[in-house]
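Now for the letters of each chain:
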Amino acid sequence: MVELEVAEIIGTIAFALSGFYVAVKEKLDLLGIFIASFLTALGGGLVRDMLCDRAPYTFTHLLPSILVIAVILLSTLLKLHLKGEIEKKFYFIISDTLGLVSFSISGALIALQAEFNFFGVVLMALVTAVGGGVVRDILLNRVPLLLISEFYGTVSLLVGAILFGFAQFDISGYLPVMVVFAFGVALRLLAYYKQWHLPKIG
Amino acid sequence: MVELEVAEIIGTIAFALSGFYVAVKEKLDLLGIFIASFLTALGGGLVRDMLCDRAPYTFTHLLPSILVIAVILLSTLLKLHLKGEIEKKFYFIISDTLGLVSFSISGALIALQAEFNFFGVVLMALVTAVGGGVVRDILLNRVPLLLISEFYGTVSLLVGAILFGFAQFDISGYLPVMVVFAFGVALRLLAYYKQWHLPKIG
Amino acid sequence: MVELEVAEIIGTIAFALSGFYVAVKEKLDLLGIFIASFLTALGGGLVRDMLCDRAPYTFTHLLPSILVIAVILLSTLLKLHLKGEIEKKFYFIISDTLGLVSFSISGALIALQAEFNFFGVVLMALVTAVGGGVVRDILLNRVPLLLISEFYGTVSLLVGAILFGFAQFDISGYLPVMVVFAFGVALRLLAYYKQWHLPKIG
Chain A
1 MVELEVAEII GTIAFALSGF YVAVKEKLDL LGIFIASFLT ALGGGLVRDM LCDRAPYTFT
61 HLLPSILVIA VILLSTLLKL HLKGEIEKKF YFIISDTLGL VSFSISGALI ALQAEFNFFG
121 VVLMALVTAV GGGVVRDILL NRVPLLLISE FYGTVSLLVG AILFGFAQFD ISGYLPVMVV
181 FAFGVALRLL AYYKQWHLPK IG
Chain B
1 MVELEVAEII GTIAFALSGF YVAVKEKLDL LGIFIASFLT ALGGGLVRDM LCDRAPYTFT
61 HLLPSILVIA VILLSTLLKL HLKGEIEKKF YFIISDTLGL VSFSISGALI ALQAEFNFFG
121 VVLMALVTAV GGGVVRDILL NRVPLLLISE FYGTVSLLVG AILFGFAQFD ISGYLPVMVV
181 FAFGVALRLL AYYKQWHLPK IG
Chain C
1 MVELEVAEII GTIAFALSGF YVAVKEKLDL LGIFIASFLT ALGGGLVRDM LCDRAPYTFT
61 HLLPSILVIA VILLSTLLKL HLKGEIEKKF YFIISDTLGL VSFSISGALI ALQAEFNFFG
121 VVLMALVTAV GGGVVRDILL NRVPLLLISE FYGTVSLLVG AILFGFAQFD ISGYLPVMVV
181 FAFGVALRLL AYYKQWHLPK IG
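So the sequence lines, in the order shown, correspond to chains A, B and C. Read in UniProt numbering, the first sequence has 9 at position 9, and its numbers run on one by one without any break. Read in UniProt numbering, the second sequence has 143 at position 143, and its numbers run on one by one without any break. Read in UniProt numbering, the third sequence has 55 at position 55, and its numbers run on one by one without any break.
Excised from the complex, chain A in its bound form (with noise of 0.2 Å):
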């Protein structure tokens, strides 16, 4: 499905982008920009790839990692982190967005021909999607936003839901994905602008 493989791209680019700006946020060296933009965007898939005993996608192909090293280098050539905060502006956020569901996507497609259940195949397309960032956080000692805040991981959870949900009617194929793809979206942008929340308890 290339829609499906362009969304990955762009969503590896908004993912490797998220890293560095986090990392020279945090005062990191070259090496650790690196770590940081390459654990965002590709972390995730690797800790999927460890759980579902698959070799790592990322060290078989090698187009993830060239993203992430050009994600640097441009940045730096155009000294991005100098241009003030992108984590708002709108071609972010839909970046951001198609990299979320894509990933959760490509996540819950590779736990349910693994065969996992119901909730091997959500916790997948959440672990694919928001795993590299969360990696990345427990690393730089922040607590990962996922667990605080926002309607982010509800997203990557639904869809993996709807797919797992489809698979038991066999509905499976291009259409079927690319609703999921545009239901999330919406979703997320929806949650975005309408500053959706999960409740808290107590």
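Source of the hints: derived by calculation from the structure; they are not laboratory data. Just to be clear, a hint being listed does not mean it is correct.
As the list claims (entries may be wrong) - Ranges of calculated distance between the beta carbons of each label pair, as one might list FRET restraints:
1) B:Gln113 <-> C:Ile66: 22 to 32 Å
2) A:Arg142 <-> C:Leu77: 38 to 48 Å
3) A:Glu5 <-> B:Asp53: 23 to 33 Å
4) A:Lys83 <-> B:Asp53: 45 to 55 Å
5) C:Leu30 <-> A:Arg142: 25 to 35 Å
6) C:Met178 <-> A:Ala161: 50 to 60 Å
7) B:Ser172 <-> A:Glu115: 22 to 32 Å
8) A:Leu73 <-> B:Lys27: 33 to 43 Å
9) B:His61 <-> C:Leu77: 45 to 55 Å
10) C:Met178 <-> B:Pro176: 46 to 56 Å
11) A:Arg142 <-> B:Lys25: 13 to 23 Å
12) A:Val143 <-> B:Glu85: 43 to 53 Å
13) C:Leu30 <-> B:Glu115: 21 to 31 Å
Each residue gets a CB set at the ideal place from its N, CA and C atoms; glycine is no exception.
Could you slot chains B and C onto chain A? The hints should help.
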């Protein structure tokens, strides 16, 4: 071994409950509460299965995840978190102990099957039993209690060591495992009420 | 290659020692000290083996764990932690460097065997050499030094990159590996005493 399975169920519930409490105390939202409960109860087994190169048990069997969900729903409905600390109540200590020992045993038995050596068996017992809580504490930026206090992890190591010893003399089956189980539970309760601690250096 | 094996043994000892120091400084108890030493020395290899889908070397061979136990016992008996910082002493820097370079080489060689690409080989060198220390720092809630300072991780990446380059031209065997080993050790010592740092951005 039905007894072990029952102990694992009780343990899963106790671990999920303790994850729930920590999450509410840290003001996580619903997704965060789910992740914290899930990791505390089942994260250790996931790490164990990655190290042992097995399909993750939690993602191929439904019961563990359903227990976690049920714990969260019931605790929320009953507003358990408003009813004071459970962590020192007798029934919680017992349930938690059953979990600690049964998880340690299952970790050690799986490591023996994978033909790990002494250290592999002992550490796999530890990882299965306390790995989930440690991952949760890492996520939440807390220094895992395991590292600074009490006799908790040591019980797990001892259970692993004894089972490894048994295996060297081809002692296996129902009775020996139950003896180890009873020993572990007794040791942990004794350690708790006598407030045993490991020595520090320096 | 006997030289590599000797270097790995020396490295394991140095890494275990540095874990011991950190643990004592953080006032961990005996179990915590064991876990910190063990992870620092052998945690990187465990992560490597999970990523490469291999049975964990540490859990199928006894020597590494025995070295760790011996280091803890001897350090405790000799009260090493009362004799001032070792971390800047010449023999510690040398041993630590031997560990860094030999672990990087073994990580890269295993990644080449698993047919990983350039980034896989380079990162597997890094993970094997410094992954354990990073996991320990995460557990103890410290920002891993790797991310903020010095040339340490870079040596590891360069060792991986050179070995990957060699493999493209079918250069392998005793001599090339020894040349990389000597290069890595020299580079790290030079970087240490000249206080080289990677640049920061911003």
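A quick look at each hint next to the structure:
1. B:Gln113 <-> C:Ile66: 22 to 32 Å: holds (23 Å)
2. A:Arg142 <-> C:Leu77: 38 to 48 Å: holds (40 Å)
3. A:Glu5 <-> B:Asp53: 23 to 33 Å: holds (30 Å)
4. A:Lys83 <-> B:Asp53: 45 to 55 Å: holds (46 Å)
5. C:Leu30 <-> A:Arg142: 25 to 35 Å: holds (31 Å)
6. C:Met178 <-> A:Ala161: 50 to 60 Å: holds (55 Å)
7. B:Ser172 <-> A:Glu115: 22 to 32 Å: holds (30 Å)
8. A:Leu73 <-> B:Lys27: 33 to 43 Å: Holds, at about 40 Å.
9. B:His61 <-> C:Leu77: 45 to 55 Å: 47 Å Cβ-Cβ, so the 45 to 55 Å window holds.
10. C:Met178 <-> B:Pro176: 46 to 56 Å: Once the Cβ atoms are compared, 50 Å apart, the range 46 to 56 Å for B:Pro176 and C:Met178 holds.
11. A:Arg142 <-> B:Lys25: 13 to 23 Å: Given about 19 Å between the Cβ atoms, the range holds.
12. A:Val143 <-> B:Glu85: 43 to 53 Å: Violated - the Cβ-Cβ distance for A:Val143 and B:Glu85, about 22 Å, lies outside 43 to 53 Å.
13. C:Leu30 <-> B:Glu115: 21 to 31 Å: holds (28 Å)
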